[in-house]
Amino acid sequence: MLDYFLTGPGQAFTRLIIYLVAFLAFVGLNAAYLVLAERKGAGWFQRRPGPNEVGPAGLLQPIVDGVKLIVKQTIVPPGTDGLLFRLAPAIMLVPAFMCLATIPYAESVYGRSINVGLLMVFSFGSISVFAIMLGGWASRNKYAVISAARIVSQNIAYEIPMLLVVITMLMVTGTMNLQEIVGQQAGGFWHWNILKGIWTLTNPLMPMTFVIFFICMLAETNRAPFDMAEAESELIAGAFTEYAGFSWGLFFMGEYANIVVSCSVGTILFLGGWQSPIGVLSGGAWGLLWFFAKMYLLIFIVIWIRWTFPRTQFYGLLNLSWKILIPVSLFTLMLTGALLRLPLLLHQLF
Amino acid sequence: MIPPKEITYAGGGVLSAPPEESFVLNLGPQHPAAHGVLRIKMTMDGEWITRAEPVIGYIHRMHEKMGENRTYAKFLPNTSRIDYLAAMHYTHAFVGAVERGARIEVPLRAEYIRVITSELQRIASHLVGWGAWIMDLGGLTPILYAFDDRERILDLMEHICGARLTYCYYRFGGLCNDVDDYFLQGARDFVPYMRGRLKMYRALVTDNIILRKRLEGIGIIDAEMCRRYGVTGPVLRGAGVPYDVRRAEPYSIYPRFEFAIPHYPAGDSMARYLVRMDEMEQSLRIIEQALDQIPAGPVMGKVPRVLKLPAGDYCYAVEAGRGRFMVRIVSDGKDTPYRVKLRTPCFANLSPFEEASKGMILPDALAMLGSLDLVIPDIDR
Amino acid sequence: MSMIAAFQEVYRGFMSLLTGMRITLGQFLKPNITVQYPRQTLPMPARFRGHIELTLDPETGKSLCTACKLCERACPSECIAVDGAKLEGQKTKSVTEYLLNFTTCSLCGACIEACPFDAIQFSKVYNVVSLSRDDFSRMDMVKQLAERRQVWAQTQPPPAAGTAAAPAIVPQPQDPKTP
Chain D
1 MLDYFLTGPG
11 QAFTRLIIYL
21 VAFLAFVGLN
31 AAYLVLAERK
41 GAGWFQRRPG
51 PNEVGPAGLL
61 QPIVDGVKLI
71 VKQTIVPPGT
81 DGLLFRLAPA
91 IMLVPAFMCL
101 ATIPYAESVY
111 GRSINVGLLM
121 VFSFGSISVF
131 AIMLGGWASR
141 NKYAVISAAR
151 IVSQNIAYEI
161 PMLLVVITML
171 MVTGTMNLQE
181 IVGQQAGGFW
191 HWNILKGIWT
201 LTNPLMPMTF
211 VIFFICMLAE
221 TNRAPFDMAE
231 AESELIAGAF
241 TEYAGFSWGL
251 FFMGEYANIV
261 VSCSVGTILF
271 LGGWQSPIGV
281 LSGGAWGLLW
291 FFAKMYLLIF
301 IVIWIRWTFP
311 RTQFYGLLNL
321 SWKILIPVSL
331 FTLMLTGALL
341 RLPLLLHQLF
Chain U
1 MIPPKEITYA
11 GGGVLSAPPE
21 ESFVLNLGPQ
31 HPAAHGVLRI
41 KMTMDGEWIT
51 RAEPVIGYIH
61 RMHEKMGENR
71 TYAKFLPNTS
81 RIDYLAAMHY
91 THAFVGAVER
101 GARIEVPLRA
111 EYIRVITSEL
121 QRIASHLVGW
131 GAWIMDLGGL
141 TPILYAFDDR
151 ERILDLMEHI
161 CGARLTYCYY
171 RFGGLCNDVD
181 DYFLQGARDF
191 VPYMRGRLKM
201 YRALVTDNII
211 LRKRLEGIGI
221 IDAEMCRRYG
231 VTGPVLRGAG
241 VPYDVRRAEP
251 YSIYPRFEFA
261 IPHYPAGDSM
271 ARYLVRMDEM
281 EQSLRIIEQA
291 LDQIPAGPVM
301 GKVPRVLKLP
311 AGDYCYAVEA
321 GRGRFMVRIV
331 SDGKDTPYRV
341 KLRTPCFANL
351 SPFEEASKGM
361 ILPDALAMLG
371 SLDLVIPDID
381 R
Chain F
1 MSMIAAFQEV
11 YRGFMSLLTG
21 MRITLGQFLK
31 PNITVQYPRQ
41 TLPMPARFRG
51 HIELTLDPET
61 GKSLCTACKL
71 CERACPSECI
81 AVDGAKLEGQ
91 KTKSVTEYLL
101 NFTTCSLCGA
111 CIEACPFDAI
121 QFSKVYNVVS
131 LSRDDFSRMD
141 MVKQLAERRQ
151 VWAQTQPPPA
161 AGTAAAPAIV
171 PQPQDPKTP
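Residue numbers (this note's numbering), protein chains in the order written: chain D, 1 to 350; chain U, 1 to 381; chain F, 1 to 179.
If you are wondering where the hints come from, they were derived from the structure by calculation, not from laboratory data.
Nothing here was measured: the structure is a model prediction, and the numbers come from that model.
You can trust all of the hints, since none of them are fake.
BS3-like mimics (lysine-lysine), calculated; alpha carbons at most 30 Å apart, straight line: (1) F:LYS30 with D:LYS40; (2) U:LYS213 with D:LYS323; (3) F:LYS143 with F:LYS69.
Beyond 12 Å from chain U on every Cβ pair, some chain F residues (computed): (4) ASP83; (5) LEU87; (6) PHE117; (7) ASP118; (8) GLN156; (9) PRO157.
Beta carbons are placed, not taken as given, at the ideal position from N, Cα and C, and that holds for glycine.
Please take these sequences and the hints and turn them into a complete structure.
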């Protein structure tokens with residue numbers, strides 16, 4: 001019986017179970033310890049230590065915070081839409097888990113290698129916006145609705161350049177399978193997509209494409225400097241105002257899980273996934289190491305940006321997307337298309 | 001951004017929505033922004049403010065009434081507490097008014113030290129105003145850097161008078177303690193350090209495109225509006241009027257120093273921001289010159305044992321961190337004043353807020369409120 | 001041309017963001033400046049204004065206060081209550097009771113400047129803590145002086161044989177005072 005599951009045809013099932021548990025643990029721990037990393041990062045950017053009292057160097061802080069959140073009463077205000085109110089935090093967190101199923105962390109560490117992996121990641125990524133809208137709406141609080149509406153309009157505005165950039169990448173890589181995309185970037189760091197476009201003349205503007213992707217990722221996850229809608233909670237109230245205790249904790253975890261997913265996708269698309277920067281030492285556990293190094297570097301940059309800049313004005317944010325990012329990403333899309341077709345065109349001409 | 005048709009920007013203002021569609025939002029006396037206990041009742045049409053009415057009085061402590069019941073010396077601690085961020089300036093004004101009335105001569109060394117400590121206080125005050133304002137806008141890091149600089153100033157002040165916020169350092173006729181070389185050397189070292197920090201703040205915050213987009217063109221208070229409301233200080237200089245009490249009504253030994261009066265004509269929040277940053281640089285210039293010129297000598301003049309001002313009216317105005325602060329003492333010959341009038345700058349600075357915030361959206365109005373650099377105890381006294 | 005200007009503005013704006021990030025990274029790599037307070041403390045400057053205390057005369061160990069009440073009159077917050085009595089063989093009064101209401105004291109120093117005998121000074125105490133409000137609204141300066149005198153007494157050479165030790169001042173209120 002055990003044989004069936006370990007080496008026989010039931011292997012896929014075992015793999016699935018192991019990965020499910022591992023992902024749950026990974027996302028949960030990440031969400032918790034990313035909060036600590038952010039607070040300590042904030043502290044060090046501000047020349048102070050951050051949390052360092054609870055546990056050695058503050059390492060037990062997220063656990064204590066988690067216990068506090070769990071112990072708090074989850075208040076469901078009267079008059080709210082009961083089902084949606086309770087469901088919204090879950091809808092926030094579940095798509096992040098789903099996305100992680102296809103992301104390859106190393107050569108053989110992945111949930112499932114799906115041919116439309118990239119499409120799946122972005123489809124699930126869009127659902128979390130839905131969750132915030134539901135949460136704001138179900139709260140029966142006019143400020144929450146205003147704030148949720150703003151988050152939706154912000155997310156829609158930044159989905160477009162993000163997808164345009166991803167389509168550009170797709171044209172270059174020719175496949176949506178994430179494992180294959182990483183496989184194409186083997187070799188040294190000059191083979192990574194961010195630099196490959198320059199010397200293979202498929203897209204000389206690739207670093208700028210990466211920057212656009214990064215900015216869109218910040219806006220999608222509602223991180224500063226684009227957190228107008230939820231940091232406005234300092235003034236009126238955010239979309240999460242009626243959530244207390246662990247439901248709020250779930251929204252928070254969902255936000256950090258989204259950051260993890262987005263940074264993983266960025267690593268895979270642009271920075272070579274689990275490939276090493278020197279060409280050797282790519283196999284097995286080394287791949288895991290390189291992947292996490294790159295992913296956490298991107299997360300560090302996300303934290304760095306948050307603690308450096310003030311918030312953008314809401315209309316400036318939308319202007320940035322519609323008036324600057326979309327034309328530029330359209331331009332790179334057309335440029336890449338033209339450059340990819342160029343050899344064929346030249347061949348036909350001569 | 002396009003506002004709805006009927007609402008125009010600052011200066012005009014028509015209630016566009018019928019009254020049953022607009023709602024009142026209360027920015028209560030307690031909020032996480034760093035202004036103090038100020039309540040603003042905003043009538044909003046969706047996101048646009050149609051009327052913003054400030055309600056003050058939550059920290060009215062009756063300083064002027066206390067002035068009537070205390071002798072002149074006993075009122076000194078009060079002066080530090082009216083505006084705790086510019087405590088030296090306020091004490092200077094009161095002490096100056098009494099000295100003018102009683103014709104007390106202040107030794108030159110004391111005047112120099114008063115100027116040095118006042119300018120250090122101005123830098124400290126601007127650092128808090130700047131840091132708290134950037135924090136309102138979402139940049140949570142510069143306030144910590146500003147407080148690091150402020151620690152150095154406060155350490156110097158603590159060294160000479162023992163207090164860090166409410167100094168009570170000046171006395172009638174001079175100072176309560178002399179300064180020593182540690183203070184003078186510390187002030188000398190502080191000037192180049194602060195210049196380096198100001199350069200860093202320019203690169204980190206002032207040139208930042210996000211901040212510029214938040215502040216440019218927001219909250220225009222032009223010179224005509226300033227005149228109507230009696231606005232002084234960086235708000236007035238940000239509207240293009242180069243009015244500084246240190247030049248217009250010279251007091252103490254300020255005529256001896258060379259410094260510019262920064263003013264920018266735009267009248268928007270960015271102009272007020274730049275005025276404050278430039279003022280910090282000018283304060284550093286004054287401190288440098290004062291440190292070079294400071295003479296030796298006593299720090300306390302001759303003061304009668306029981307201080308009575310002859311009957312009459314005595315005024316003294318200083319350029320405090322936020323504008324023109326004036327003390328007017330009406331005396332009837334006794335040893336307590338008949339009336340102490342404190343003309344505080346923040347009350348006038350808050351006044352154009354109602355008119356200027358018509359037709360703005362809420363975050364812009366709060367950015368403008370931060371640019372006025374209000375300290376609410378100063379408004380309420 | 002305005003197209004070029006628009007591009008230039010976008011470029012300059014983007015570079016300003018990178019400059020800002022470089023500065024915060026520089027600050028990130030510097031050591032932090034926090035003093036972890038209960039475990040590390042900062043030295044107090046010499047003129048630090050803690051609550052006032054009676055000065056200990058280093059030669060006799062007594063207080064210099066003669067209960068002249070000048071400090072009581074000089075205080076803007078009326079937070080000092082002094083009482084004294086003339087002891088046997090003394091030319092001036094000695095203080096028997098010196099109560100400070102620290103909850104209303106504003107640390108202005110008017111009392112210290114009013115005192116003609118330098119009998120009070122600022123202490124360097126900044127972390128007073130207690131569980132009862134009376135410890136602050138009726139700070140007993142004479143009791144605190146007695147405690148400090150005991151510490152002082154240990155630094156003095158023992159009296160030579162045959163000479164009497166200087167009599168310590170024993171607080172003996174003459175009239176019962178209502179608090």
